[in-house]
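> First to last, the protein sequences are chains A and B. Residue numbers for the first sequence follow the working numbering, beginning at 3 and rising by one. Residue numbers for the second sequence follow the working numbering, beginning at 25 and rising by one.
I should point out that these hints are in silico values taken from the structure, not numbers from a laboratory. Predicted model only: the values in this text are computed from it and were never measured. Beta carbons are placed, not taken as given, at the ideal position from N, Cα and C, and that holds for glycine. One thing to keep in mind: the hints can contain errors.
Have a look at the derived ranges for each label pair, beta carbon to beta carbon [said to hold, decoys possible]:
1. B:Q305 with A:S68: 52 to 58 Å
2. B:L149 with A:V255: 33 to 39 Å
3. B:G138 with A:S68: 42 to 48 Å
4. B:V98 with A:A202: 30 to 36 Å
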Amino acid sequence: MTDLAHGAESGPGMVDVFTDTEIETAVSANPAGYAIAALADADPRVLTLSADLSSPLAEFRERHPSRYIELGIAETNSVSVAAGLAASGFVPYIFSMSPFGVLKCAEQLRTDVAYNHLPVRLVGRLSGLAMGFFGTSHHAVEDIAVARSITNMTVVAPADASAVVSLMRSTAGLDGPVYLRIPERPPAVYRAAPGFGYGAWLRLRSGADVSLIGHGLGVGLAVGAAAALAARGIESDVYDAAYLKPFDEAALVQTAARTGRVVTVEEHSEIGGLASIVAEVAGRRGLTVALGAVALPDADLEVGIPADLYEYYGLTVTGVVTAALELARPAGN
Amino acid sequence: MTAGPVTPVPPVTLERDRPVTPAELSRRADWIRLNTVQLIEQAGLGHYASTFSCAEIIATLYYHTLRLRPDDPVWPDRDRFLLGKGHVATGLWPVLADLGYFPADWLAQFGRIGSPLNDHPNMRLAPGIDFSSGSLGHNLSVGVGMALAGRLSGRDYRVFVLTGDGELQEGQIWEAAMAGSHYRLGGLIAIVDANGFSGSGPTSAAMNIEPLAQRFAAFGWLTSEIDGNDTEALLRIFDGLPDPGSEQPVCVIARTRKGHGAALFEQAPQSWHLGLLSAEQQAEVVAEITARMQ
Numbered sequence: 003m004t005d006l007a008h009g010a011e012s013g014p015g016m017v018d019v020f021t022d023t024e025i026e027t028a029v030s031a032n033p034a035g036y037a038i039a040a041l042a043d044a045d046p047r048v049l050t051l052s053a054d055l056s057s058p059l060a061e062f063r064e065r066h067p068s069r070y071i072e073l074g075i076a077e078t079n080s081v082s083v084a085a086g087l088a089a090s091g092f093v094p095y096i097f098s099m100s101p102f103g104v105l106k107c108a109e110q111l112r113t114d115v116a117y118n119h120l121p122v123r124l125v126g127r128l129s130g131l132a133m134g135f136f137g138t139s140h141h142a143v144e145d146i147a148v149a150r151s152i153t154n155m156t157v158v159a160p161a162d163a164s165a166v167v168s169l170m171r172s173t174a175g176l177d178g179p180v181y182l183r184i185p186e187r188p189p190a191v192y193r194a195a196p197g198f199g200y201g202a203w204l205r206l207r208s209g210a211d212v213s214l215i216g217h218g219l220g221v222g223l224a225v226g227a228a229a230a231l232a233a234r235g236i237e238s239d240v241y242d243a244a245y246l247k248p249f250d251e252a253a254l255v256q257t258a259a260r261t262g263r264v265v266t267v268e269e270h271s272e273i274g275g276l277a278s279i280v281a282e283v284a285g286r287r288g289l290t291v292a293l294g295a296v297a298l299p300d301a302d303l304e305v306g307i308p309a310d311l312y313e314y315y316g317l318t319v320t321g322v323v324t325a326a327l328e329l330a331r332p333a334g335n
Numbered sequence: 025m026t027a028g029p030v031t032p033v034p035p036v037t038l039e040r041d042r043p044v045t046p047a048e049l050s051r052r053a054d055w056i057r058l059n060t061v062q063l064i065e066q067a068g069l070g071h072y073a074s075t076f077s078c079a080e081i082i083a084t085l086y087y088h089t090l091r092l093r094p095d096d097p098v099w100p101d102r103d104r105f106l107l108g109k110g111h112v113a114t115g116l117w118p119v120l121a122d123l124g125y126f127p128a129d130w131l132a133q134f135g136r137i138g139s140p141l142n143d144h145p146n147m148r149l150a151p152g153i154d155f156s157s158g159s160l161g162h163n164l165s166v167g168v169g170m171a172l173a174g175r176l177s178g179r180d181y182r183v184f185v186l187t188g189d190g191e192l193q194e195g196q197i198w199e200a201a202m203a204g205s206h207y208r209l210g211g212l213i214a215i216v217d218a219n220g221f222s223g224s225g226p227t228s229a230a231m232n233i234e235p236l237a238q239r240f241a242a243f244g245w246l247t248s249e250i251d252g253n254d255t256e257a258l259l260r261i262f263d264g265l266p267d268p269g270s271e272q273p274v275c276v277i278a279r280t281r282k283g284h285g286a287a288l289f290e291q292a293p294q295s296w297h298l299g300l301l302s303a304e305q306q307a308e309v310v311a312e313i314t315a316r317m318q
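All chains should be built: construct the whole structure from the sequences, respecting the hints.
Structure follows, in structure tokens:
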């Protein structure tokens with residue numbers, strides 16, 4: 003069983019993710035920036051491209067100034083430029099804000115990168131509701147739905163800083179494209195970098211009553227909810243579904259068979275993300291399972307600081323507990 | 025059957041600026057046109073007029089300007105050619121077959137399921153294709169990436185990107201144009217096949233793209249304007265390209281005629297953007313081109 007940090011706490015408040023000094027020094031605040039500098043030390047093919055998101059790359063720029071390419075506020079160009087670099091033997095990592103890096107560039111990712119099987123990595127900072135205060139333009143809650151529908155893409159959503167470092171390392175050698183959805187300062191889930199097999203989930207806790215499966219911020223919430231449910235005598239089977247694509251169907255089939263109840267937890271729209279994938283697999287494989295989802299509704303979302311939005315939409319430990327109890331409650335009661 | 029080790033044949037490099045006359049290139053362009061007509065007949069549909077407008081450009085690049093190794097298509101030092109206007113790949117396939125990138129009998133599969141030669145080029149399927157295309161507006165950005173890669177790896181290859189003029193209405197082109205001059209990519213050459221028409225009509229009636237030369241110049245490119253169906257002018261401009269290590273990307277605005285080389289297409293270029301000639305029409309077009317080639 004993976005070594006876990008203390009139970010998940012409440013989500014972050016408003017975080018100034020643009021402050022250079024702090025990002026330069028704090029790995030926990032900028033795990034992707036830390037990881038990419040280390041990857042570049044080891045592999046001369048590694049480059050970084052920024053679409054006006056150079057702050058997380060301060061360390062990389064210090065260590066590898068000639069391998070950093072700023073492209074300005076031009077995400078689509080950045081993706082196609084990266085494709086050209088990848089077709090010439092380099093391994094470019096594009097740092098971009100998730101709402102713009104994926105949604106605006108879906109076609110470039112598909113046509114230039116994924117169709118051609120090129121090793122471009124899109125590192126999506128500020129995913130989900132991390133920029134919730136800035137307006138719905140800055141919400142990134144459809145990115146997984148888009149990215150996972152693209153053939154040849156690997157889609158990963160790490161749970162915390164340790165998982166970011168681990169997944170950036172373990173996907174570094176892949177021949178094809180990767181979308182890394184980086185969470186912003188979620189509570190720590192792991193005490194040390196967890197080891198992920200390609201496309202494999204991590205089982206964080208065993209239980210036979212209900213399955214709690216999350217990605218990103220949702221993993222910590224699932225862990226926290228499992229502790230709360232245990233106090234009520236309900237044992238949870240908890241998984242970190244960091245890999246959205248490829249999808250660990252075997253793990254889902256096993257846990258569904260074990261508990262018969264699956265709650266998905268994600269900072270993503272209820273359409274097209276983990277909730278959808280689980281339902282698709284359950285339907286396709288004929289699993290007998292009750293499904294619940296803690297996710298963002300298909301509605302005009304509110305605007306506010308992340309902590310308030312998480313509370314508002316039930317992306318909290320309490321929200322997950324409630325969803326699990328709803329599922330466990332016998333029909334008619 | 026003889027035993028023993030096979031002596032490897034070293035790849036032949038087709039050097040830059042191979043000797044050729046303008047007349048030979050014009051004839052080669054007509055050969056491209058004839059092959060295009062034949063391939064489209066075989067497939068049942070195709071982009072005649074857009075291919076005809078850039079036949080001289082393709083002929084000049086592949087039979088004179090580009091540094092290539094057809095038997096080593098991924099040779100790192102080759103010049104790159106990106107077909108931004110991917111819908112004219114029909115004109116490229118016979119050229120790549122002729123140069124030896126793949127067997128000529130692959131052409132017979134064009135248009136069929138499983139053929140490596142698609143209507144728009146796929147780099148994973150066809151040797152000699154440096155990058156896939158089909159979605160307009162992408163390949164100039166890809167060319168920026170390849171030119172940056174050349175500089176990072178210390179290679180002196182050039183990257184040529186052939187765009188349509190309608191393609192310049194795509195915003196991403198101008199993002200790439202900014203990046204090309206910002207990074208001083210002297211090895212990047214954009215060639216605009218300015219035939220004046222996009223799919224549904226005159227390009228600038230849909231959205232004005234002129235004055236093209238001034239626009240690219242304002243974006244920091246070394247710009248020139250030539251008759252793009254004149255092989256002598258093409259030779260002159262490509263022979264005079266600055267060193268790939270120079271610091272300004274180059275834009276050649278090739279003023280062409282959509283459907284150039286066949287009266288039927290020239291008279292109604294818009295009608296022949298995409299279509300299929302009847303047997304009578306095809307005979308007329310083929311006769312016209314063949315007569316010129318005698």
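> If a hint holds in the structure, say so; if it does not, say that too.
Taking the hints in turn, this is what the structure says about them:
1. B:Q305 with A:S68: 52 to 58 Å: holds (56 Å)
2. B:L149 with A:V255: 33 to 39 Å: holds (36 Å)
3. B:G138 with A:S68: 42 to 48 Å: Holds: the Cβ-Cβ distance is about 43 Å, inside 42 to 48 Å.
4. B:V98 with A:A202: 30 to 36 Å: For B:V98 and A:A202 the Cβ distance comes to about 33 Å; the hint holds.
Taken one by one, the earlier hints all hold for this structure without exception.
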